[in-house]
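S.K.: Starting from the known structure of chain A, arrange chain B on it as the hints suggest.
Each chain, written out:
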Amino acid sequence: MTDVVIAGYVRSPFHPAHRGALARVRPDDLAANTIRGLIEKTGVKVDDIEDIVMGCAFPEGEQGFNIARLVGLLADLPLNVGGITMNRFCGSSMSAIHYAAGQIAMGAGDAFICAGIESMSRVPMTGFNPMPNPALAKKSAAYLGMGDTAENVAKKYSLSRADQEAFAVASQQKTAAAQAKGAFADEIIPFTLPDGTVIDADGTPRPETTAETLAGLKLAFDQQGSVTAGTSSPLTDGATAVLVCSADYAAANGLKVMAKIKSMAISGCAPEIMGIGPVEATRKALKRAGLTIEDIDIVELNEAFASQSLACIADLGIPLEKINLDGGAIAIGHPLGATGARIVGKAASLLKREGKKYSLSTQCIGGGQGIATILEAQ
Amino acid sequence: MADSTIKKVCVIGAGTMGAGIAAQVANAGVPVLLLDIVPKDGVNRNAIAEGAVAKMLKTDPAPFMGKRAARLVETGNIEDHLGRVAECDWVVEAIIERLDIKQNLYAKLEEVRRPGTAVSSNTSTIPLAQLTDGRSDAFKQDFCITHFFNPPRYMRLIEIVAGPQSNPDTVAMVRDFVDRQLGKSVVNAEDSPGFIANRIGTFWIQAAVNAAFDLGLSVEEADEIAGRPMGVPKTGVFGLVDLVGIDLMPHLMASLTSTLPKDDPYQAIARSEPLIEAMIAEGYTGRKGKGGFYHMAKGADGARVKEAKDLKTGEYRPATSPANVRGSAARGDLKTLISAKGKVGDYAWAVLGPTLSYAASIVPEATKTVVGVDDAMKLGYNWKAGPFEMIDAIGAAHLVERLQAASLPVPDILKQIGEKTFYRIEGGKRQYFGTDGAYHDVTRPDGVLLLEDIKLTSQPLLKNGSAALWDVGEGVVALEFTGKMNALDEQVMKLIQQAISLVKSDYKALVVYNEGSNFSAGANLGLAMFALNIAAWSEVERLVKGGQDAYKALKYAPFPVVSAPFGMALGGGCEVCLNADAIQAHAETYIGLVETGVGLVPGWGGCGEMLTRWIENPRHPKGPMPAVSKAFEIISTATVAKSAHEAKELGFLRQSDGVTMNRDRLLFDARQRALAMVEGYAPPERPEYRLPGPTGAAALKLAVDSFRKQRIATPHDETVAGELAHILTGGDTDVTEVTTEAQLLKLEVESFMRLVRNPKSQARVEQMLETGKPLRN
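Going line by line, the protein sequences match chains A and B.
At position 190 of the first sequence (counting the first as 1) the number is 190 in our numbering, and the numbers step up by one without a gap.
At position 615 of the second sequence (counting the first as 1) the number is 615 in our numbering, and the numbers step up by one without a gap.
Okay, chain A solo, but in the shape it has when bound (with noise of 0.2 Å):
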């Protein structure tokens, strides 16, 4: 079968929702600069873009309209090049780098460009129009908050709330750490507001937080539970691209190749505990690469909540100096969308930095889903 690598991955900066630097950043805008941004960073030659495959949890408003073939006019791509909008939630834009694999596969194209888009300040989570049925609403928790799922996983898997704040401490430690050696500087577009300001870094991370400041937040969710916002991935605007092509094009025309695509898989679960996704998603992405736990070296675990990171990592027995090197979701953020792309492009450039084999990118879906890659150092 064709070999499919990753040879690019860049996002723009990540800042909180509401109040942070890109509040007033269209979202198209946004991804539109960010693929700017790896192409000129990759070389690829824009004709043989094949496809912008866009994830996008809530295309609509100005994410509507199919913007993925709006972001490609946009950033001046040709107009051969198509576009796609992808939606699977917190999934989206990972399951774009697995519809870009499985067409190379097929042999329906070369070159695609991987991108995610979430801008949570300008379209709110759960859109503007929500209209969920009401029989599903009565017989299923489909439609159930996520905190709302956060807080049963805590409890289905006796996760205190301290256990949660040190998780979350560490998390902001190693984005801080990160963020000071310029872990990120290699991977973030910088983004210019119309009156001229660069945003180039993050704006996200808490790098003061500590477990007394945890300890002082108030309940998110549930009075008599245990998660709060400081456990909790923020809510966040930010863009992602990721070049995803066949290892022949790449060796061809010269690309930088990160890493190779190992497996891929997808795993549904229950709707009220969507937080445990993952370990589903992760054991058959597992069993399609014919490795275990053990061989992997790399972990991307998406910190939507930490009880929910907690829950697989106790799952799936990874042991934790393996996960999220730079910090997790509960820093950087997590601009819904935009994330899969994320944490697979980063995992690619971690089996680079650290000079390791095989990376696990994992993630836990609203409604009950779990989505896995793994890849290979090439």
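By construction, these hints were calculated from the structure, which means they are not laboratory data.
All C-beta atoms in this analysis are idealised placements derived from N, C-alpha and C, irrespective of residue type, glycine included.
Watch out, some of these pointers could steer you wrong.
Claimed, not checked - Within a straight-line C-alpha distance of at most 30 Å, the following computed DSSO-like cross-link-like pairs (lysine-lysine) qualify:
1) Lys-746(B) x Lys-138(A)
2) Lys-234(B) x Lys-290(B)
3) Lys-760(B) x Lys-138(A)
4) Lys-709(B) x Lys-139(A)
5) Lys-218(A) x Lys-288(B)
6) Lys-341(B) x Lys-384(B)
7) Lys-155(A) x Lys-709(B)
8) Lys-67(B) x Lys-218(A)
9) Lys-322(A) x Lys-356(A)
10) Lys-642(B) x Lys-7(B)
11) Lys-298(B) x Lys-218(A)
12) Lys-234(B) x Lys-140(B)
13) Lys-156(A) x Lys-709(B)
14) Lys-218(A) x Lys-773(B)
15) Lys-138(A) x Lys-622(B)
16) Lys-341(B) x Lys-312(B)
17) Lys-58(B) x Lys-746(B)
18) Lys-429(B) x Lys-463(B)
19) Lys-555(B) x Lys-622(B)
20) Lys-709(B) x Lys-138(A)
21) Lys-139(A) x Lys-760(B)
22) Lys-218(A) x Lys-709(B)
23) Lys-218(A) x Lys-58(B)
24) Lys-218(A) x Lys-55(B)
25) Lys-55(B) x Lys-67(B)
To be verified - A partial selection of chain B residues facing chain A, derived with a Cβ cut-off under 10 Å:
26) Asp-80
27) Gly-163
28) Gly-623
29) Ala-697
30) Ala-699
31) Leu-700
32) Lys-701
33) Gln-710
34) Arg-711
35) Ile-712
36) Pro-715
37) Thr-719
38) Gly-722
M.R.: Quick look at chain B alone, frame taken from chain A:
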């Protein structure tokens, strides 16, 4: 609102007064530069002014009327930014009360200000002549005193003192601005110590405190007698001193004793009590300190208990209800009060006798007319009647007898008035007694129209027990609510229907307006509860439908209807505004649909009107849900706007609705707004809605579920919110269908009737009636 020549203001001094004045300028939509000194330490040279703005954003009651106002205040310091005074048309100085420091600042201002820029001081104690000593003639011409009261947003009085050299045009420009833009009522004061309100007020407080100690009254007894029975806010004197700060008393005393002549009657009564000195020394400075004459202590069971200072022992003890004095003090008029036997009469006279005599003695020294004195006390101290109005109530001749008998001074004007009264109605005009011995018309500034004045000369066109209709000139009528708290009932609805027939045939437009303390607190819950107790469901339903019919008849009447709310406009009081063609609101309007607080939903068209407003809002996202969600959020949480500006943000007012800053100008502005709509007037089209139906209700239910888990919503909140969601989403409609206004009104009635039969809603109504506080069941 008239165009003012003041487009930008600079306030120097970011203390409570300066910052508060800057906030009120910003509330008027005028940019303001707020400067203070550079702090001794620290790197941020603007820290003091910035800190003042930051503090105001957290202060309750809020100095700002909205977030937009706060953005109009620019901060700086007098070392780096005084030159920017040249950008401003008016400079208000509100720095420390030290003559040398003020003079020093004026010398600098003289160099940087543009010629013609007005400069005023907010001094409360320093004479104008001393302030401008050494300044150029040009500076003196542009200078006056503008004495605001604390807090500047909420206190309506401003005393303006012009000097002999002040340019009348400059003073007029400032006066016009503070009146129309800042909404203050101007009283002209002379350049005399303490001006008017504080001079009388300080005397009054001193007399009341002295008498309580001398006659052996408790603070509760003193406040009971010197409060409501005298037409004074119920805080009385000790409660008031707690509010403004006990430590302020010695400062006021020192200032007045040093500036008033030695033979001024105040000098004789000024004295300090060792008990009060000790309280100040120990930090018991009132509400801002550890406590005052009253404070809230934690009782044995953890509940908060009100305690009062025992003036004999100096210890706190549980506050008592002064029932012994309440009955006799509340009975009868002022004359009866000061003549009563025993403690009540003795105390009332000991406070009122000297105070009224003193107030009468400062005309024309402090202000030229008795009207100035009365206005100052009514606006500055919230007295129901001014000193001269009180004297009229007692009878001047009787007062003189009592003063003579008590060997108290009888001021000239009291000798002059003889058997006459200080006010009279002549030829339909209210007149006052001048120092020249003649009567003169009480004049109102241009653009001030008061029902109070109209009532002096005319009879209502229609009237019943709960409402009246008045001809307010130019073919416009005013609908006035007259019930207790301006509560709305069947009588009001009946009068609305009668008024519509009358206006159709004889008038051009209708304004909903009154001059109570509040516009309306909503439907008469007491009547409703009575009907509930006897399970008169059909009566309740008739009341709800009758209200809908009346309000919609107003909405679709063939003439313009303008509602003019002020103060509280809640529930049905809000809905009468929502159903009008336009709203002209006083800036201090607290409007909201608060029905859910008593376990009900808006029943007089409020739901549909709020939907319409959010659907029409061009900046709000489109689709079947956004307007529904917003209206649901606002109504389900019983959100009340804290100003007319905030009411616009919440959609109770449309962007096109008007805001009047000065309460006295509200009726005039509302009438003009109505008249402007008369030509070519056509009633609004009946709205048609595209509502999401059960699918939208399911979305709202998900949100309420999560509030339940966060313990923000109670179980009964969930029930009430469910009914509200049912109405706002159009009941069983579908997004492909059109929902009419009539269908929404029907949904309102059905939900209202289901809730009103629910014992938990009834418990909420009952508690509200008994305690005034919502029940969270």
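S.K.: Close enough to count: is the Cβ of Gly-623(B) nearer than 10 Å to one in chain A?
M.R.: 4 Å, holds
S.K.: Sort out whether Lys-312(B) lies within 30 Å of Lys-341(B), counting only the CA atoms.
M.R.: 23 Å, holds
S.K.: Check whether the Cα positions of Lys-156(A) and Lys-709(B) lie no farther apart than 30 Å.
M.R.: Cα-Cα ~17 Å, so holds.
S.K.: Given the hint that Lys-555(B) pairs with Lys-622(B), test it: the Cα-Cα distance must not exceed 30 Å.
M.R.: 26 Å, holds
S.K.: Less than 10 Å between beta-carbons is the criterion; does Asp-80(B) satisfy it with respect to chain A?
M.R.: 24 Å, violated
S.K.: Does the alpha-carbon distance linking Lys-760(B) and Lys-138(A) stay inside the 30 Å limit?
M.R.: Within the cut-off at roughly 25 Å; holds.
S.K.: Does Lys-67(B) lie within 30 Å of Lys-55(B) when you go C-alpha to C-alpha?
M.R.: Holds - the C-alpha atoms of Lys-67(B) and Lys-55(B) are around 14 Å apart, at most 30 Å.
S.K.: Identify whether the interface hint at Leu-700(B) stands, where standing means a beta carbon of chain A within less than 10 Å of its own.
M.R.: Leu-700(B) check passes; min Cβ-Cβ to chain A is 9 Å, inside 10 Å.
S.K.: Is the hinted pair Lys-139(A) and Lys-760(B) satisfied, with a Cα-Cα distance of at most 30 Å?
M.R.: 28 Å, holds
S.K.: For a C-alpha distance cap of 30 Å, please report whether Lys-218(A) and Lys-773(B) respect it.
M.R.: Given that 30 Å is the threshold and the Cα spacing comes to 26 Å, the pair holds.
S.K.: Does Lys-290(B) lie within 30 Å of Lys-234(B) when you go C-alpha to C-alpha?
M.R.: Holds: Lys-234(B) and Lys-290(B) sit about 22 Å apart, inside 30 Å.
S.K.: Run the distance test for Lys-298(B) versus Lys-218(A): straight-line Cα separation, threshold 30 Å.
M.R.: At roughly 26 Å apart (the allowed maximum being 30 Å), Lys-218(A) and Lys-298(B) satisfy the hint.
In this structure, the hints that do not hold are numbers 12, 17, 26, 27, 36, 37, 38, in rising order.
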